[in-house]
Each structure stands twice: as C-alpha cells, then as structure tokens.
Amino acid sequence: MTSMLSEKQAAMRDVFGDVLLELSKADPRVLALDGDLANSTKLDKVAEHNPSQFLQMGIAEQNMLSVAAGLAAVGFQPWTCSFAAFISKRAIDQIQVNVAQPKLDVKMVGAYSGLLTGCTGKTHQALEDIAMMRSLAHMVVLAPADGIEVRRVMEFAHQYNGPVYIRLARDPLPYLFDDSHTFTLGKGVQVKSGSHVTIISTGTETVRALQAAELLEGEGIRAAVLHMPSIKPIDHEAIIRAAETTGAIVTAEEHSIIGGLGSAVAEVLVENRPVPMRRVGVRDLNAESGSNEALLKKFGIAPEHIAEAVREVLARKV
Amino acid sequence: MNTAFQSCSADELTKKASEARRIILETVHYANAGHVGGPLSAIDMLIALYFSVMNINPDDPQWEDRDRFVLSKGHSAVALYTALALRGYFPLEELKTFDHIDSRLQAHPDMKLLPGLDMSSGSLGLGISTAVGLALGAKLKHQTFYTYCMIGDGESQEGQVWEAADVASKYKLNNLIAFLDYNKLQQYGWKGTDREREVPVTAPELRWEAFGWNVISIDGHDMAQILDACAQAKTVADRPTVIIAHTLKGKGVSFMENNYLWHAKVPDADELNRAIHEIEAEG
Numbered sequence: 001m002t003s004m005l006s007e008k009q010a011a012m013r014d015v016f017g018d019v020l021l022e023l024s025k026a027d028p029r030v031l032a033l034d035g036d037l038a039n040s041t042k043l044d045k046v047a048e049h050n051p052s053q054f055l056q057m058g059i060a061e062q063n064m065l066s067v068a069a070g071l072a073a074v075g076f077q078p079w080t081c082s083f084a085a086f087i088s089k090r091a092i093d094q095i096q097v098n099v100a101q102p103k104l105d106v107k108m109v110g111a112y113s114g115l116l117t118g119c120t121g122k123t124h125q126a127l128e129d130i131a132m133m134r135s136l137a138h139m140v141v142l143a144p145a146d147g148i149e150v151r152r153v154m155e156f157a158h159q160y161n162g163p164v165y166i167r168l169a170r171d172p173l174p175y176l177f178d179d180s181h182t183f184t185l186g187k188g189v190q191v192k193s194g195s196h197v198t199i200i201s202t203g204t205e206t207v208r209a210l211q212a213a214e215l216l217e218g219e220g221i222r223a224a225v226l227h228m229p230s231i232k233p234i235d236h237e238a239i240i241r242a243a244e245t246t247g248a249i250v251t252a253e254e255h256s257i258i259g260g261l262g263s264a265v266a267e268v269l270v271e272n273r274p275v276p277m278r279r280v281g282v283r284d285l286n287a288e289s290g291s292n293e294a295l296l297k298k299f300g301i302a303p304e305h306i307a308e309a310v311r312e313v314l315a316r317k318v
Numbered sequence: 001m002n003t004a005f006q007s008c009s010a011d012e013l014t015k016k017a018s019e020a021r022r023i024i025l026e027t028v029h030y031a032n033a034g035h036v037g038g039p040l041s042a043i044d045m046l047i048a049l050y051f052s053v054m055n056i057n058p059d060d061p062q063w064e065d066r067d068r069f070v071l072s073k074g075h076s077a078v079a080l081y082t083a084l085a086l087r088g089y090f091p092l093e094e095l096k097t098f099d100h101i102d103s104r105l106q107a108h109p110d111m112k113l114l115p116g117l118d119m120s121s122g123s124l125g126l127g128i129s130t131a132v133g134l135a136l137g138a139k140l141k142h143q144t145f146y147t148y149c150m151i152g153d154g155e156s157q158e159g160q161v162w163e164a165a166d167v168a169s170k171y172k173l174n175n176l177i178a179f180l181d182y183n184k185l186q187q188y189g190w191k192g193t194d195r196e197r198e199v200p201v202t203a204p205e206l207r208w209e210a211f212g213w214n215v216i217s218i219d220g221h222d223m224a225q226i227l228d229a230c231a232q233a234k235t236v237a238d239r240p241t242v243i244i245a246h247t248l249k250g251k252g253v254s255f256m257e258n259n260y261l262w263h264a265k266v267p268d269a270d271e272l273n274r275a276i277h278e279i280e281a282e283g
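Each protein sequence line maps, in turn, to chains A and W. Using the UniProt record's numbering, the letters of the first sequence correspond one by one to residues 1 to 318. Using the UniProt record's numbering, the letters of the second sequence correspond one by one to residues 1 to 283.
Some clues are possibly wrong.
What the hints assert, rightly or not - Capping the alpha-carbon separation at 20 angstroms, the derived lysine to any residue pairs in SDA-like fashion look like this: (1) 170/W <-> 160/A; (2) 112/W <-> 196/A; (3) 112/W <-> 170/W; (4) 187/A <-> 219/A; (5) 112/W <-> 187/A; (6) 170/W <-> 37/A.
Claimed, not checked - For each label pair, taking beta carbons as the anchor points, the in silico distance ranges come out as: (7) 139/W <-> 178/A: 50 to 56 angstroms; (8) 270/A <-> 33/W: 34 to 40 angstroms; (9) 75/A <-> 91/W: 38 to 44 angstroms; (10) 108/W <-> 186/A: 30 to 36 angstroms; (11) 14/A <-> 104/W: 44 to 50 angstroms; (12) 270/A <-> 57/W: 38 to 44 angstroms.
Claimed, not checked - Listing some non-contacts, in silico: residues in chain W with all C-beta distances to chain A over 10 angstroms: (13) 8; (14) 89; (15) 118; (16) 122; (17) 123; (18) 126; (19) 130; (20) 141; (21) 163; (22) 170; (23) 199; (24) 227; (25) 258; (26) 281.
Note that these hints are calculated values from the structure, not bench results. The structure displayed is predicted, hence computed values, not measured ones. Where a beta carbon is used, it is the ideal one built from N, C-alpha and C, also for glycine.
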C-alpha cells in the first residue's frame, strides 16, 4: 500500500452512496433507511436507482433504529444513515437495547462526523460518537480514512453479521490508499514508518497525522503513523509494538479526547506497556460554527497541533 | 400449525387466564421480584394471542412464517413467560428461575436467551417501533404473518411511540395489530393529586385515530371481545389496527386492583394466599 497523499480527492459520502447502491443491488437483504438527509448523506443514490430497497423513516432517528432492529429480526440487513450526531446521541438507547444487546445485523452510518460539518456548529458536530458507540457491548466501531477505505469498510460490514457503526466525514479528502488496500477488523495500518514516536490516528485525522509527520521530518524527527480504521476492536498488538519500538505515542482524532481513540489507546498502553503519551483531539469543549481552517486551528486538531504534541511527548521520552 | 388450540372457546381461554394469574403471582412471590399490576391487566390478551389468535408452533419457535409478538411494555415479562410456558415453549418449572442470574427468563425479555421471544424489550417506547420493523419486513418479503404488539398506556408518554405510529400508518401496515393495555395507572404518575396520577395517557382513541390507525375499543378482560377485535382487525386492508383494551391494573385480586402501589410490589405469603383464593373463587 502507499502512504503518499494523493492529489486525487473524494468525499466519503459520495463513495458511501455508490457502494451502498452496489450492495443493495447485489443483495436483496440490504435496505437503506433514511432520516430525511439522503441528499446530504448521499443515500439518495439508493433512493434514485434502487427505490424498492430505500425506506424513508423521516426525522425520527430513534424510531428508525428500532424499526431497523425489527427488519433485521426478519432477515434484512438495514443500513441506517443520518448525521453522526443524531445517529449516536439521539438514538443511543435504541441502539443499545434493540441492536447491540441482541447483536442484530444493523449497520449505523454516521455521516458528517467530527468537527468539520459544513459550518453547522455544535448541535450538528459529533465529537462524542466514538466514545458512545465504543462503550456498547457487541458494537464494532470503524472510522475509515479515505474513499478507498470507506469502500473496504462497507464491504466488510456487509459480510459481517452484527452491529457496526461507521464514521464518515462530510468534506472531500485526499486518497491515502490505492485499490490494493485491504481492511481487516481489529487491525491497524502502518501508513508511515519512523523510529522516534508513533502517531496513532483514525478517520479523517490520519491525513493530518501524515501532514504533521512531514512537518516533523524537516526537524529531523522521524514519526511513524499508525492508522486505526478499527477503533473497536482495536489492534492491541500494533499499539504495544509501537510503544516498544518508538517509546512514545501521540494519538490524533477529530473527536473529543474523552472516550475516543486516544482513550482506547491509553487503555491498551496502561495495561500493557506504559510510555509517554499525548492525545490530540477536542479537549472537553463545545465546538462552534466556522470555516474548516478556523475550526481546526481553534480546537487544536490541525497538523501543527499534532506536531506540537509530538515535540512535547518526545521531551518526556525516557 | 397451531391447530390444537384454534378451537379454544372464550370460556376455556378465560379459565386459562385465571390459571395464568395464579402462576404470575406465584412466580413473582418465588423470585421476590418483578411486577404484578401490569401483568395481571395484560394476561387475558396474552392468553388469547398465544392460545387462539396467533399462528405459531411452540415446537418450532423460530418457524419463519410464524406470527410475531413484541411486548413493548417489557415490565410485564412475567405474564409473557407464563403464557409461553403454559403454551408449551418451556417447562412451567423453569418459571422458578425468573429474574435469577443465568436464567433465560430475564426481568425484561431477551430474544437471545429464550427462542420463544421475537424481540428484546424493556426500555419503554421502543417495542412498537421494532414491531413496525417486523411488519414492514413481512410486507417487503411478501410474507403473510401478522405482528402483534402490546403497548402500555404509561409507556405512551414516550415520543417514540408516536414516531412509530406515524411510520406504520405511512407504510399502510395492516399486518400490524397493537394492543394498548389501557389500565390507567403507572408507577407513580404525574406529580400532583391522586386523580391526576390515574391518567397516564389521555384520549388514546383520538390520538391513534389521528395517526391514521384503525381503532377498536374493548374491555380487555372480556375474552370474546378480545377475539372479536383481532378478527375485525384482520379485515382492514390499508391501515394498522390498535385495540384500546380498557383494563384494570392488578385485575383479579381485589386489594391489587386499580392500586398503583402494586405496580411492582411483591406479595408476601399471606397476600399470595389471599390473592390465589380470590382468583380461584372467581375462576
């Protein structure tokens, strides 16, 4: 696989719509359930080209998730989709009781996750969805980094019989991977090697982690980047190996530092191989509306913040 | 399927419900946990469903074409377990494990543990949505089974119930038949006077009708009316049906009837004996 950032860009939602349309055409069990956002999330591709497998549930996410459980119980594979904020926060009890506890084959797709949700501000940003979903028993939590990986993760979810939460982003991102890229549940992807520190990142933040690593190269700091598309289950082995080989860890995510990837990595390190660590993410704050650039800067998750965290953690490295 | 019980008369079902009432009280007493008020208001309908109305096969609980049942008011689990045990899904003796650690008979229904359960429930307001999913799934698969669901009136304060009502109507789910166990009492009720405490949901007939459902009102303890309502519901071509079953919480035991304190109170040995005596005298 390549770790070079490509000139080519894709919005995850476009890939999502295309792939779900393909899956629905290939498999009559696949249903697309919409919470009236299909033209934003690109679920509308199923609505337009395979309408018999598209169900409009209206602006009622709680009902949508429970209906999905009923559909799964009679043999369908419902893909529920809304903004990540509404799928996770609005319907968390429904997801736990109706989907996660009985391990039903329901997919939950949180589009517009993280900080960059198109100038919509704190009500529409999902900075807690990883934490909430990760805490549910039986739940698989995935955050792909680019369009290729969105496809791979969806192909996996289609084959997997059980609840899966997939975290997507709104805006176009450069491609990290090419067609040869594979996804394995519970496995991280080493996208850059390095010996001084490992930046462990997930979702959209992996691009920024690579940009940070490039910034650091100029200072003679060789940072490895370990991308974690599978946040739950998480790759214990790769995290422990990163701690052993580089002796310092920085985590980076477009999410709150509480309960997300950083917490998951810290849990593994503390129980196995504690090393100096720093988490990059939104630090216990409500975000706000604004341009992508302004948001990344103000809430501390831009490449320069990751680079700064690397410098800090290296100063503590034994 | 289900041929052995299709011919049950309303009188026979009433006797069966009386037996179930005794078992519910014994089970809660034995477990020293569980609810009694709600189960006693719901049991007549459950007996009607499992012994007469539903197309099911206890020997093959996962039979694909079976009718489905969702107990949205999951707190009445002990009533559902009693109906299932009496119908032969599992030995009556197993009721003694109700609410115990490692039991298949959890405080609230768990579909993963007991094959006779079509859906997990317990958190209020969710069950009717899952029933909509089952009924919608049947339509999409061109299957002819019915989905039955029992909702509580207190539970109907949850907004999700009305989200589900809306979608069921939009998709014309005439294969969905809901019972509202309208016993007019809940655990504690609206803060205020005792009278206010007695009205968990106002004007359910008007509400369900406004959401486009076929509405039938019955005495939820009158077996003939229950059976008749189900038969009527099946004749409707384009809408889901809700059967507003006027019931008494704690029905069958004078000191439990219409007394919110018996929502989740466990009868002691003396109360159990008195209750069983009353049920048997009546039955």
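Evaluated hints:
Pair hint residue 170/W plus residue 160/A does not hold up; C-alpha atoms about 31 angstroms apart against a cutoff of 20 angstroms. For a cut-off of 20 angstroms, the pair hint linking residue 112/W to residue 196/A is broken: about 48 angstroms separates their Cα positions. With a C-alpha separation of about 30 angstroms, the suggested pair residue 112/W and residue 170/W falls outside the 20 angstroms cut-off, and the hint is violated. This hinted pair does not check out: residue 187/A and residue 219/A have alpha carbons roughly 30 angstroms apart, beyond 20 angstroms.
A threshold of 20 angstroms between alpha carbons decides the hint, and for residue 112/W with residue 187/A the separation of about 29 angstroms lies outside it, so the pair is violated. For the hint pairing residue 170/W with residue 37/A, the CA-to-CA distance comes to about 18 angstroms; that is within 20 angstroms, so the pair holds. For residue 139/W paired with residue 178/A, a C-beta distance near 43 angstroms fails the hint of 50 to 56 angstroms. Remark: the range hint 34 to 40 angstroms for residue 270/A to residue 33/W is upheld by a beta-carbon distance near 38 angstroms.
The hinted window of 38 to 44 angstroms between residue 75/A and residue 91/W is violated, with their beta carbons roughly 30 angstroms apart. A hinted range of 30 to 36 angstroms holds for the C-beta pair residue 108/W and residue 186/A, which are about 31 angstroms apart. Restraint check, residue 14/A to residue 104/W: a C-beta distance of roughly 46 angstroms satisfies the suggested window 44 to 50 angstroms. At about 52 angstroms, the beta-carbon gap between residue 270/A and residue 57/W misses the expected band of 38 to 44 angstroms.
Every CB of chain A is more than 10 angstroms from the CB of residue 8/W (nearest about 28 angstroms), matching its label as outside the interface. No beta-carbon of chain A comes within 10 angstroms of the beta-carbon of residue 89/W; the shortest separation is about 17 angstroms. For residue 118/W, the condition that its CB be more than 10 angstroms from all CB atoms of chain A is violated, with the nearest at approximately 7 angstroms. Non-interface status of residue 122/W relative to chain A is broken: a Cβ of that chain comes within 10 angstroms, the nearest being about 7 angstroms off.
Taking the minimum C-beta to C-beta distance to chain A, about 5 angstroms, the non-interface status of residue 123/W is violated against the 10 angstroms cut. For residue 126/W, the condition that its CB be more than 10 angstroms from all CB atoms of chain A is violated, with the nearest at approximately 5 angstroms. Non-interface call for residue 130/W relative to chain A: violated, since the shortest CB-CB distance, roughly 4 angstroms, does not exceed 10 angstroms. Residue-level check failed: residue 141/W sits 7 angstroms from the nearest beta carbon of chain A, not beyond 10 angstroms.
Distance check on residue 163/W: its Cβ comes as close as 4 angstroms (rounded) to a Cβ of chain A, failing to clear the 10 angstroms threshold; non-interface status is violated. Some Cβ of chain A comes within 10 angstroms of the Cβ of residue 170/W; the nearest lies about 8 angstroms off, and the non-interface call is violated. Every CB of chain A lies more than 10 angstroms from the CB of residue 199/W, the least distance being 25 angstroms, so the non-interface label holds. Even its closest Cβ contact with chain A, about 26 angstroms, leaves residue 227/W beyond 10 angstroms, as expected for a residue assigned away from the interface.
No Cβ of chain A approaches the Cβ of residue 258/W within 10 angstroms, the least distance being about 30 angstroms, so the stated non-interface status holds. At the 10 angstroms boundary, the C-beta of residue 281/W stays outside the reach of chain A, the nearest C-beta of that chain being 40 angstroms off.
Hint compliance for this structure: hints 1, 2, 3, 4, 5, 7, 9, 12, 15, 16, 17, 18, 19, 20, 21 and 22 are not met, and every other hint is.
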